[in-house]
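Construct all of the structure, not just a fragment, from the sequences and the given hints.
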Amino acid sequence: MDKGARRSFWEVMDDMDRRIIFLILLVVVTLPLIISVGGEIPPTAPVISAHESVEALEAGDYLMVSIDFDATSAPELMPMLRSVLRQAFAKDVKVIMLGHIAIGLPLGHTALEQVAAEYDAEYGVDYVNLGYRPGYIAVMIAMGREIEDIFGTDYQGTPIRDMEVTRDIHSYADIDLLFGFEHGAVIDYWVRYAQARFNQKMTFGTTAVMAPDAYPYLQSGQIEGLIGGLKGAAEYETLIGQPGLGTRGMPAQQWGHLLVIGFIVLGNLGYYFTKGKRKRSGETA
Amino acid sequence: MGSLGMIIGTWLAGFLTLAILSFLYKDNPFYKLAEHLYVGVSAGYWLIYVAFFDVEPMLVTPFMEETGVEKWILIVPAALGVIMLSRWFPKTAWLSRWPIAFTVGVGAGLGITANLQGYVVPQVQATLLPMTGFNLVSLNNLILVVGVVTTILYFYFSKAHKGVLGVTAKIGIVFIMVSFGASFGYTLMARISLLIGRLYFLLSDLLRVID
Chain A
1 MDKGARRSFW
11 EVMDDMDRRI
21 IFLILLVVVT
31 LPLIISVGGE
41 IPPTAPVISA
51 HESVEALEAG
61 DYLMVSIDFD
71 ATSAPELMPM
81 LRSVLRQAFA
91 KDVKVIMLGH
101 IAIGLPLGHT
111 ALEQVAAEYD
121 AEYGVDYVNL
131 GYRPGYIAVM
141 IAMGREIEDI
151 FGTDYQGTPI
161 RDMEVTRDIH
171 SYADIDLLFG
181 FEHGAVIDYW
191 VRYAQARFNQ
201 KMTFGTTAVM
211 APDAYPYLQS
221 GQIEGLIGGL
231 KGAAEYETLI
241 GQPGLGTRGM
251 PAQQWGHLLV
261 IGFIVLGNLG
271 YYFTKGKRKR
281 SGETA
Chain B
1 MGSLGMIIGT
11 WLAGFLTLAI
21 LSFLYKDNPF
31 YKLAEHLYVG
41 VSAGYWLIYV
51 AFFDVEPMLV
61 TPFMEETGVE
71 KWILIVPAAL
81 GVIMLSRWFP
91 KTAWLSRWPI
101 AFTVGVGAGL
111 GITANLQGYV
121 VPQVQATLLP
131 MTGFNLVSLN
141 NLILVVGVVT
151 TILYFYFSKA
161 HKGVLGVTAK
171 IGIVFIMVSF
181 GASFGYTLMA
191 RISLLIGRLY
201 FLLSDLLRVI
211 D
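From first to last, the protein sequence lines stand for chains A and B.
FYI, the numbering used here numbers position 197 of the first sequence as 197, with every residue one higher than the one before it.
FYI, the numbering used here numbers position 102 of the second sequence as 102, with every residue one higher than the one before it.
Possibly wrong hints are sitting among the right ones.
Computed list of lysine to aspartate or glutamate pairs in EDC-like fashion (alpha-carbon distance at most 20 angstroms, straight line) [claimed, not checked]: (1) B:71 with A:149; (2) B:26 with A:148; (3) B:71 with A:148.
No wet-lab data here; the hints were simulated from the structure.
Laid out in structure tokens, this is it:
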């Protein structure tokens, strides 16, 4: 195709510089963040089930929170983590945090400390961060026998038997619900080792990329509920009545999706309408 | 001092975010700097974590405190870990096959039972669904069963995809395409979410344009 010749609209659509697409996407996503605060997002069944699984816990019950993500997934998973922690602390549920992605655990700890401060929860009494141990399969199996064998101390080195919150915790039998926040395959191991072997009740929040892989577990009843991506986080924020980044991001998400759909349609039409011209000039697709 | 640290940290994070995003225009030294910094910091972080959350509490401390068999058995995993490092030297690299063989053996043994117990059996059970009467639940269950059966038949390659098998395989590929479409849609949602997260940080924490 002669680049110097004046190109038709469809030729431009068929061969648009991707940097122009990035620039338009940047504008379309930025503007709704500035001018819109976002409304309530109607919750879907998987998110309602996830919410109900935490809601079913009573004061003094134990919620184990697993941080299985890092900074690359934080925008999706941190809003749902904060919402779940708020719901748990509001019900006086004891929170035990651990993680299988070492580099992401400080993100979880930051959220834990922030939300605990909102509810005047006390470290070692109402919540604890056990930290990280490598080899998640070994960790998951060992916790089914005796948690102290694998997490003898918390992340600061304090023995777990010296803290009120973990004094009587020995295995999954003492954990009322496990809530995993996942950006990778760790969810498969939780289900296959902790749920299948030890009947641990579990619910997950996943990145949108991981959500399709997690749905079969929900359909089979192996997990209690599922929060998928930023939209799931927004739905959960609606359910607990505390809007956050999930809700705030939904208008931008919506306009971003519409733009991409528009570009897919225009790009395909451009390809279709310029097919004849490409054939004549001997270009391959 | 804490406040100054926060300000410096926020500006540094903002600079690194823009440096990484600048790759969308073209490769440049700022992107390279941010990329190398990320790799270096991540590696250092992992090293510290493994030392303080694994080697020290799981190996060094128990070795100092335990007595009898429980003390000396720790030499076995420690030796396997050290042998792994023999890969650095061509003449002794073959030694690293022992810890790898141990890991693969344990992984395979655990994986077989876990996959059967935690994936295959529950998923097969979840496909055996009732279809009673003409209602939406039965229709949903029918679609699920047809989807599973035709998709499995698509991957049956011992017979040419002709006749009945050809028809079912074609139906199967429709389900596979729907699955790919759903995955693509979710992936798109994830990527835009990440962009929203970074833009929110830039507009809120760095520029304070929004709350």
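Each hint tested on the structure:
| no. | hint | in the structure |
| --- | --- | --- |
| 1 | B:71 with A:149 | holds, 14 angstroms |
| 2 | B:26 with A:148 | violated, 51 angstroms |
| 3 | B:71 with A:148 | holds, 17 angstroms |
Hint 2 from the earlier list is the only one contradicted by this structure; the remaining hints agree with it.
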